[in-house]
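Engineer: Here is what each chain is made of, one letter per residue.
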Amino acid sequence: MNFFNIIDLLAEADPDVLDRFSSRRAVFNSLGTVAQRAALATSPLFLGALFQKAYAGTASVPTDILNYALTLELLEADFYRQFLAAGQIPAGAARDAITLIKTHEDAHVTYLHDAIIKMGGTPVAGSNTTGIRFNPNLLPATYADQLKYAQVLEDTGVRAYKGRAAELIGTDLLTPVLQIHSIEARHAAHIRTMRAQQPWVSLGDDLATDPLYKAAYTSGVASSTKTVVALGGTTYGIPAYNPAQPSPPESNQQQGAAGKNAAVLITAGIGATTYLPDDAAAAFDEPLQAAEVLDSSRAGGLLA
Amino acid sequence: MSDTLRPTDSQSPQPGQPLLARIKRRSFFMYAGATAGVTALALAGCSKDETTPDTAATSAVSFGTGDASLLNYAYALEQLEAAFYAKVVALTTSPLLPAEIPYFAKVAIHEAIHRDFLRTAINRDFSGTLIPDLTPKFDSIDFTKRVKATTDTKLGILDAAKAFEDLGVAAYNGAAKLFKSAVYLGIAGQIVSVEARHAAYVRDLITPGSFATNEGTDVLGFDRQLAPTAVLAIAQTFVEQTLNGSTIGQ
Chain L
1 MNFFNIIDLL AEADPDVLDR FSSRRAVFNS LGTVAQRAAL ATSPLFLGAL FQKAYAGTAS
61 VPTDILNYAL TLELLEADFY RQFLAAGQIP AGAARDAITL IKTHEDAHVT YLHDAIIKMG
121 GTPVAGSNTT GIRFNPNLLP ATYADQLKYA QVLEDTGVRA YKGRAAELIG TDLLTPVLQI
181 HSIEARHAAH IRTMRAQQPW VSLGDDLATD PLYKAAYTSG VASSTKTVVA LGGTTYGIPA
241 YNPAQPSPPE SNQQQGAAGK NAAVLITAGI GATTYLPDDA AAAFDEPLQA AEVLDSSRAG
301 GLLA
Chain Y
1 MSDTLRPTDS QSPQPGQPLL ARIKRRSFFM YAGATAGVTA LALAGCSKDE TTPDTAATSA
61 VSFGTGDASL LNYAYALEQL EAAFYAKVVA LTTSPLLPAE IPYFAKVAIH EAIHRDFLRT
121 AINRDFSGTL IPDLTPKFDS IDFTKRVKAT TDTKLGILDA AKAFEDLGVA AYNGAAKLFK
181 SAVYLGIAGQ IVSVEARHAA YVRDLITPGS FATNEGTDVL GFDRQLAPTA VLAIAQTFVE
241 QTLNGSTIGQ
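Same order as they appear, the protein sequences are chains L and Y. Read in UniProt numbering, the first sequence has 246 at position 246, and its numbers run on one by one without any break. Read in UniProt numbering, the second sequence has 155 at position 155, and its numbers run on one by one without any break.
Hints listed in this document are in silico derivations from the structure and should not be mistaken for laboratory results. We treat Cβ as the ideally placed atom computed from N, Cα and C, and that holds for glycine. Errors might be hidden in some of the hints.
What the hints assert, rightly or not - Pairs of lysine to aspartate or glutamate, EDC-like flavour, derived with a Cα cap of 20 angstroms:
| # | chain 1 | residue 1 | chain 2 | residue 2 |
| --- | --- | --- | --- | --- |
| 1 | L | K214 | L | D145 |
| 2 | Y | K87 | Y | E240 |
| 3 | Y | K177 | L | D278 |
| 4 | Y | K180 | L | D278 |
| 5 | L | K118 | L | D206 |
| 6 | Y | K87 | Y | D142 |
| 7 | L | K102 | Y | D218 |
| 8 | L | K102 | Y | E215 |
| 9 | L | K214 | L | D172 |
| 10 | Y | K137 | Y | D218 |
| 11 | Y | K87 | Y | D133 |
| 12 | Y | K145 | Y | D133 |
What the hints assert, rightly or not - Some chain Y residues flagged as far from chain L (calculated, every beta-carbon gap over 12 angstroms):
| # | residue |
| --- | --- |
| 13 | T93 |
| 14 | T120 |
| 15 | D139 |
| 16 | T150 |
| 17 | V192 |
| 18 | A233 |
For reference, chain L alone in the conformation it holds in the complex:
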């Protein structure tokens, strides 16, 4: 079996295949000696590893990713609905800000819902009483405590979009999804300032040790098996939790692992200047795996 014939056949189905494999020459050179190449290139073991590398992270179809995003947007929108309805928000700037954020979350819900339908999928749904919604039993009594959930949901939303953007490479969904992602970051920054916190992640955040921020993956995804989420009247797939690479906490100070190159320590490893741990943590937001976000210990535990 000729290895390059396989690549050429793949290229007919996937024009970007050579980019996924770096280049033909890079793949070939990575195989070592001529003898190793001859042996390896015909080995199913080698081909399996090659495909897994090239197609890692593409296990979900775009509608699955959008339904995951829609789940979080429905949760946020319903939280803000309950937050406003509870009547504890001071009139004026605070209430105006929460109202604006609510209109954004509603716009995200509408966009994702419509996009899923246009792609032939079934969008998850939620209302005040059924489907995907914020568990009303969890809504605290006071404005200050309610605002904590807003910060948790926004910061988690930022991490959630970040965690799945790579799966949308090569689709026209990537750009609008990132346009939502950075709006969520603006929301998070504003809510943090409403709570007298730094607008960005800080080691001194009052919620830094809150389980909703720090929880390790526990028992699995809320309302589902570990990879098929059954919520809001439909099901969608998410990648299985990857225990080998739990997402770093927001306090992470090492960035930039790429292939065989290890991450660099921001506090000491990027130039003549040394940086403080708090600044190293603040300068980069961190992703979360879908399974971590929907885990019962995190946002998944806020679902009704």
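Take the given structure of chain L and dock chain Y to it, following the hints.
Structural biologist: Same frame as chain L, but now just chain Y:
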């Protein structure tokens, strides 16, 4: 002047419309992924080789192609931001309010970290492609003003900070689709949300509650995105060298 600094050319998202053609590919990917259950052989040394060293010592800066060009593009913008905030922080007499100064000191450090990190990553992963240090040109900014008065022709510090941060967010959002590697897209994603946090903070200083409000053609609930050439046309105002981004991401 300030009108030309704002990235107003955001585009409406287009729900789902272009995706149908992709579905067949996606189902193929699922099949390929599902059959690849073996990880026994590590593929070391798969770094990209699509680099275009900038050796000409001219006043023009060319960004090359591929992911290296995108990282250098980000590096250029972070250089500008870091230089701007460093100048703000170094002012002996600052027009900023006392409460704002520690925050600007923080933002200055964040941008310096982004700059230094990107330089390190480019030198490590795309050796020989690093663009030169840019020479900032801030003559359109009045560093004695917190915000510009309506009759002023120059930007105040907060106006300029807002312009830089909003531009940075639009730049990362617009360049994301050009990345080939998930690794570098991920890094850009980790940075852009911090820029959005900065933008929200600075906007709230200028007009409380404006952290994510629409301007111009913005779409409700969606941040801006701009192509590299559009971003560099704006950034050019603040750089002495000529920026040539025509091949970024190609």
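Engineer: Would you pick out the hints that fail for this structure and give their numbers low to high?
Structural biologist: Violated hints: 3, 4, 5, 9, 10, 12, 14, 17; rest satisfied.
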